[in-house]
Amino acid sequence: MHLMKINRLETCLAISFSIHFIGLIALFAASLLQGSVTPQTIKAMALTKITEKKAIKGKEQDKKKEKPLVQAVMIDHKKVQQHVKRIKEERKQARIKENQRKKRLERELRSIRQAALKEKQKISKLANTHKKHLENLEQAEHEIKLAQVKKAHMQDQMNKTRKIYDQELKRIQKERQRLKKEAEEKENRLKQQVVLEKKLREQLAEEKKREAKEAHQKVKAEISRYRAMIQSTIKRNLILQESMRGKECVVQLDLAEDGFVTRIKRLSGNAVVCRQAEAAIHKSRRLPVSPNPLVYSEMKNINLTIKPEFN
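Numbering (the numbering used here), first residue to last: 284 to 594.
In case anyone wonders, no lab produced these hints; they're calculated from the structure.
Each hint should be verified, as a subset may be incorrect.
Below, in silico cross-link-like pairs of lysine-lysine (DSS-like), each with a Cα-Cα straight-line distance of 27 Å or less [what the hints assert, rightly or not]:
| # | residue 1 | residue 2 |
| --- | --- | --- |
| 1 | Lys386 | Lys415 |
| 2 | Lys401 | Lys385 |
| 3 | Lys443 | Lys433 |
| 4 | Lys469 | Lys453 |
| 5 | Lys457 | Lys433 |
| 6 | Lys443 | Lys464 |
| 7 | Lys583 | Lys503 |
What follows is a set of in silico ranges between Cβ atoms, one per label pair, in the way DEER data are often shown [said to hold, decoys possible]:
| # | residue 1 | residue 2 | range |
| --- | --- | --- | --- |
| 8 | Lys481 | Lys518 | 48 to 58 Å |
| 9 | Ile406 | Ile379 | 46 to 56 Å |
| 10 | Thr588 | Glu480 | 26 to 36 Å |
| 11 | Thr444 | Glu480 | 30 to 40 Å |
| 12 | Lys385 | Leu420 | 17 to 27 Å |
| 13 | Val478 | Pro576 | 32 to 42 Å |
| 14 | Glu480 | Pro574 | 29 to 39 Å |
| 15 | Ile447 | Glu485 | 46 to 56 Å |
Fair warning: this is a prediction, and the values are worked out from it, not measured in the lab.
Cβ coordinates follow ideal geometry from the N, Cα and C atoms, glycine included.
I would like the entire structure built from these sequences, with the hints used as guidance.
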């Protein structure tokens, strides 16, 4: 019975040793593949060797005592499990760090690619700008050449035009001198004409003034004559009364062109004389009127003073 227990224990130890050894090799291989042999990995390997030595030593001692050997194996197995757990955690952390490193590298790569793309675009833009600048320079050079040709042509045209201008200027100067001379002669003639016209206007003004004076005198004389004729006509038809002696009446008459009295207005005077004067005017029906328009215009509205005359 005791021998069976010992054999079973040896089998467990062998199996445990094989498992730890295989795990250690796998861990080491993974570390090599990932390129990161950490201090924890080395420590785990050392711990595994120590565990192996303890297992071998314990095997020799367990031949003597069964119960302590089982306890040691159990304790080593627990440590191995803890070690395996720690190794798994370290591998997990290593994978996380590797993923982070890969992501960081990917970000840097993207950043580098973006910067390269921007630089490429910038270079392309600069190349286009440079090309356009060269095209503009070529166009400007072409335009300068055309401008030079045009300038030479214009200079030739200007020389021809200046020559024509000089000839025309001389002709204009001669023409101006001729026109100036003619203008001076014309001005002298106009001055003489003005002086002559002034004398004629003065003579005409004197003549008109004299004629107007004569006409006014004639009109005045004509008015006096027709006024006397109207007075005589009224007095012929005036019926005298003793009460009218020494009295008078002032009336205003409106006359038509044919001498018809259109209106009689008393202005002042004796009522009897005024009444008889109105009767005499109505009896006369028409009073003497001058055919001269100037005389009529002065007499169409006339004031008369009627004074009865007794013999």
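Against the structure, the hints come out as follows:
1. Lys386 to Lys415: violated (42 Å)
2. Lys401 to Lys385: Holds: Lys401 and Lys385 sit about 24 Å apart, inside 27 Å.
3. Lys443 to Lys433: holds (15 Å)
4. Lys469 to Lys453: holds (24 Å)
5. Lys457 to Lys433: Outside the cut-off at roughly 35 Å; violated.
6. Lys443 to Lys464: violated (32 Å)
7. Lys583 to Lys503: Holds - the C-alpha atoms of Lys503 and Lys583 are around 14 Å apart, at most 27 Å.
8. Lys481 to Lys518: 48 to 58 Å: holds (54 Å)
9. Ile406 to Ile379: 46 to 56 Å: violated (40 Å)
10. Thr588 to Glu480: 26 to 36 Å: Violated, at about 50 Å.
11. Thr444 to Glu480: 30 to 40 Å: Since Thr444 and Glu480 have Cβ atoms about 48 Å apart, the given range 30 to 40 Å is violated.
12. Lys385 to Leu420: 17 to 27 Å: violated (51 Å)
13. Val478 to Pro576: 32 to 42 Å: 38 Å Cβ-Cβ, so the 32 to 42 Å window holds.
14. Glu480 to Pro574: 29 to 39 Å: holds (37 Å)
15. Ile447 to Glu485: 46 to 56 Å: holds (54 Å)
In terms of the numbered hints stated before, the structure departs from hints 1, 5, 6, 9, 10, 11 and 12, listed from lowest to highest.
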